[in-house]
Amino acid sequence: MQQPRDIPVLDVKNLAVSYETRYGDVQAVRDVSFTIQRGEAYSIVGESGCGKSTVAFSIVSFLGRNGKIVDGHIMFQGRDLVGRPQEELRHIRGDQIAMVYQDPMQALNPSMRLGDQMAEVLIAHRGMEQKEAEEKCIQMLERVYMPDPANVMRRYPHQISGGQQQRVVIAMALLNGPSLLIMDEPTTALDVTVEATVLDLVAELQTRFDTAIMYISHNLGVVARVSDEVGVMYAGEMVERASVADAYLRPGHPYTLALMHCVPRLGMDKSSSYLYPIRGRVPPPSNLPPGCVFEPRCDFARPVCRQRRPELREVEPGHCARCHFAEQVLAGELRLPDDLIPDLDKMTTRGEGAERILSVEHARTYYEAPSKRLIGGKKQYVKAVDDVSVEVRKGRTLGIVGESGCGKSTLAKTIIGLETPTDGKLEFMGVDISTPVSQRDLDLIKNLQMVFQNPDSTLNPSFSVGSQIARPTRRFRAVPHSQVHAEVIRLLDMMRLGANYYDRLPRQLSGGEKQRVGIARAIAGRPELVLCDEPVSSLDVSVQAAVLNLLLQVQQEMGTTMAFIAHDLSVVRFFCDTIAVMYLGQVVEFGPAEAIYAPPYHPYTEALLSAVPIPDPRTEQKHIRLSGTVPSALNPPGGCRFHTRCPRRHMLPDGGRICEVEVPPWQCATEEHRIFCHIPLEELRKMDKVVTVEEETHAG
Amino acid sequence: MLVKDYMTRHPCMAEPNMSVIEAQRYMWENGIRHLPIVGDGKRLLGLVTRQTLLVDPARLGSLDMWEISRFLSGLTLKDVMVKARDVITVEEDTAVEEAARIMVENRIGCLPVVEGGVVVGIITDTDLLTQLMEMMATRVPGVRVTIRMPNVRGELAKLVAAIGAQGWGILACGGVPVPRQPDTWEAVVKIRNVPGEEVVAALGQVEGQEIVDVREM
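As they're listed, the protein sequences go chains G and U. Counting in my numbering, the first sequence runs from 1 upward without gaps. Counting in my numbering, the second sequence runs from 1 upward without gaps.
Source of the hints: derived by calculation from the structure; they are not laboratory data. Virtual Cβ for every residue (Gly too), placed ideally from N, Cα, C. Wrong hints could be hidden among the right ones.
Residues from chain U shown here face chain G by an in silico Cβ test under 7 Å; the list is partial [unchecked claim]:
{"hint": "1", "residue": "Arg-9"}
{"hint": "2", "residue": "His-10"}
{"hint": "3", "residue": "Cys-12"}
{"hint": "4", "residue": "Pro-16"}
{"hint": "5", "residue": "Asn-30"}
{"hint": "6", "residue": "Asp-40"}
With a Cα cut of at most 30 Å, we get these calculated DSBU-like pairs of lysine-lysine [as the list claims (entries may be wrong)]:
{"hint": "7", "chain 1": "U", "residue 1": "Lys-83", "chain 2": "G", "residue 2": "Lys-136"}
{"hint": "8", "chain 1": "U", "residue 1": "Lys-4", "chain 2": "G", "residue 2": "Lys-131"}
{"hint": "9", "chain 1": "U", "residue 1": "Lys-83", "chain 2": "G", "residue 2": "Lys-131"}
{"hint": "10", "chain 1": "U", "residue 1": "Lys-4", "chain 2": "U", "residue 2": "Lys-83"}
Please build the complete structure, drawing on both the sequences and the hints.
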């Protein structure tokens with residue numbers, strides 16, 4: 001054969017990368033090896049700070065001025081990239097390696113039209129004529145399924161949606177027909193439905209263009225969907241290398257095992273299963289443990305782990321792990337200890353038939369949008385929340401899910417009083433709460449608290465943790481004045497932070513710890529209802545598990561009611577008792593968690609469920625993709641708001657004409673489960689389950 | 001059955017200023033026989049094969065030892081490659097047999113696949129043999145029968161009808177004129193999941209046709 005197919009596109013051998021710092025060289029990546037064949041997708045997973053991106057940057061030699069490859073080889077198409085002159089590398093980068101970054105907005109020039117940016121690639125690299133280059137770009141945009149490509153070429157990046165931006169970036173990366181495409185968290189910033197379409201696109205590129213793909217992600221579900229082979233990185237080392245099926249179902253390294261157990265799978269719920277957090281955090285590369293790098297966080301650590309660094313060795317054909325006891329881990333002989341998970345078994349039936357604590361009826365929150373005319377003109381309103389009715393019973397958890405821009409956060413802000421409702425009846429413990437927070441009395445504020453998404457921007461950077469928790473404690477008179485300090489210590493203990501955190505400043509804490517402080521502050525006044533707005537979405541999976549467990553514990557100990565907003569359907573399913581699915585300002589399905597995740601589905605819920613990436617290679621999902629983007633809330637479609645994208649409209653007579661004209665009725669599947677759709681319940685009941693798991697073949 | 005289905009996408013390539021010595025090592029280490037030489041944007045500039053890398057002894061004969069080493073170390077691919085204007089190329093949408101004809105008539109072993117001056121792949125003799133192999137379903141077990149028939153319209157249809165009557169599936173089928181016998185054709189048919197005797201029994205009945213060879217493979 002002229003090109004034996006076994007020349008890998010990329011063969012990384014014992015790569016080590018260091019960054020020069022004021023305190024000497026810091027080894028960010030050590031001894032990383034992997035190969036990617038032509039047309040194969042290889043994933044690298046790990047928590048943040050594990051060196052995933054450093055590996056990617058070293059391949060394209062983008063390490064920055066202080067980064068350098070200190071050891072190893074990067075063989076690209078059989079030739080070593082290490083030590084080649086910059087000029088040659090620049091050629092290869094432009095022509096044969098392309099990279100797609102996490103945030104499409106940062107990869108696109110905001111001041112240039114998309115067409116010009118894309119054509120520039122061809123004009124600069126291939127010396128093409130403007131006209132010809134533009135034609136090529138339009139063709140490429142069509143290939144990535146961009147609607148109306150000729151029009152998109154004339155727009156600026158801010159005029160298209162996030163998913164479309166990412167498509168433009170991918171199209172741009174493919175213009176030169178690269179043999180290797182490096183994708184660094186390309187879907188992290190996108191909604192699940194958009195993410196699903198981007199992942200479909202990646203899979204297609206792989207087969208159609210024979211492009212080798214190196215996919216970096218922290219999301220185990222995404223990795224299971226796109227790739228065949230996976231490398232797990234921890235603290236700058238490759239700790240496991242295996243096929244996706246092996247790594248997910250029979251991990252050989254305790255870190256991989258722990259990662260698999262700290263994310264909820266779709267269908268898990270809090271009454272029947274646990275999340276295992278990983279204690280501690282990733283060690284900084286300047287201060288690594290002497291033995292196994294994972295030893296301080298490992299639940300199976302033995303003395304030998306502290307003394308000797310394990311080598312990456314082949315445990316079985318095609319499956320490598322860096323652990324002294326890999327065989328035992330693989331055989332499932334080592335089990336995660338139970339003391340990590342709080343005692344949560346009394347969670348199950350509490351709150352059944354309890355009184356209604358919060359009820360929202362026909363709430364509307366409109367934002368006024370400036371009229372396009374200079375003088376006069378009709379006022380326009382962004383209908384962020386439009387006729388929403390939900391209720392929460394005492395001690396239970398309400399989950400609110402939906403794509404971004406569906407009004408989840410506005411609903412939360414309306415309840416908490418940061419926005420004033422335009423219309424509707426909001427009642428909390430029998431008190432009307434349609435007043436803004438500044439006019440509410442202290443008792444109401446005390447009983448209605450919130451945990452925010454981003455702990456960085458909600459903690460005051462110049463006050464110590466202790467004083468920030470002490471303030472609400474004192475204001476709400478939760479305890480007598482003399483006991484405030486003791487109460488704060490108690491709260492810190494409850495958050496598993498300890499009294500020594502009292503005097504620390506927020507910048508001295510990690511993301512997970514900051515979020516715990518945020519929770520401690522919210523529960524300091526012993527509120528009846530806590531609203532959590534995406535409390536775990538900015539955290540690493542291992543920390544996410546710990547925070548979720550903590551919230552469960554708080555709920556159990558204090559009997560707090562919670563409203564939990566998230567876009568991750570697996571987390572919501574795990575955490576909530578009742579779920580409201582929102583689309584474009586309206587609730588489309590409302591009911592108990594288990595009912596939402598089984599037929600009858602609202603067509604939108606069905607699409608969301610089929611899009612959510614599941615970290616289990618055995619699962620089969622129905623393939624339903626929503627076309628188009630969420631319509632503008634300024635001028636929502638008439639009738640059923642979902643009709644423009646609904647994949648199930650054809651089930652109705654006349655192609656679903658009724659959906660365009662008439663507002664759908666609320667259909668009650670059970671007493672508590674209602675669906676906002678024209679399609680008769682019998683039809684909806686007949687649909688198959690979206691997610692099916694193959695029979696378990698072995699004990700994992 | 002077009003070039004794009006059988007070519008190797010993303011072939012290994014080299015720049016014109018790579019030294020001959022480095023290129024030689026690169027090709028040996030990776031088992032490469034043909035190396036397209038590309039410039040910016042993967043535009044085809046030339047082609048290097050193992051033959052082009054052989055240094056003409058007559059040229060070296062006139063040099064002394066010191067000159068030889070200087071001559072060799074200074075040699076780059078630019079100096080030895082077949083220039084782009086002399087390289088025969090095909091496009092992605094060329095038919096595979098057309099590519100084969102070009103290679104046979106020019107007695108060459110590879111064709112760079114070029115779209116708008118840019119190398120998108122390479123197709124070699126090995127790829128064409130792979131295609132022949134796939135066409136004859138070599139990897140799938142079955143009965144392979146060779147049948148000789150007169151060069152008359154409708155003969156192949158008779159054969160196919162006979163196979164169809166038995167309810168068998170055809171894995172692969174091909175026909176060639178018999179060399180030096182312009183009136184006779186040979187058809188090769190591969191049939192799945194049947195014993196050889198049954199095939200002989202059924203196809204032996206076809207009028208005017210003769211089974212030349214039967215084998216299970």
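Checking one constraint from the list: CA of U/Lys-4 to CA of U/Lys-83, max 30 Å. Satisfied? This hinted pair holds, its Cα atoms lying about 24 Å apart.
Quick check on U/His-10 please, does its C-beta sit within 7 Å of some C-beta on chain G? holds, 3 Å
Cut-off 7 Å, beta-carbon criterion: hint that U/Arg-9 touches chain G: Holds, about 4 Å.
Within 30 Å, alpha carbon to alpha carbon, are U/Lys-83 and G/Lys-131? holds, 29 Å
Can U/Pro-16 be said to touch chain G, with a Cβ gap under 7 Å? violated, 11 Å
Keeping to a limit of 30 Å between CA atoms, is the pair of U/Lys-4 and G/Lys-131 held or broken? Holds: U/Lys-4 and G/Lys-131 sit about 26 Å apart, inside 30 Å.
Satisfaction of the U/Asp-40 interface hint, Cβ to chain G closer than 7 Å: Holds: closest Cβ of chain G sits about 6 Å from U/Asp-40, inside 7 Å.
Using 7 Å as the Cβ threshold, decide whether U/Asn-30 counts as touching chain G. Holds, about 4 Å.
Is U/Lys-83 within 30 Å of G/Lys-136, Cα to Cα? holds, 27 Å
Quick one, is the U/Cys-12 hint okay against chain G at 7 Å, beta carbons? holds, 5 Å
In the structure shown, a violation is registered for the earlier hint numbered 4 alone.
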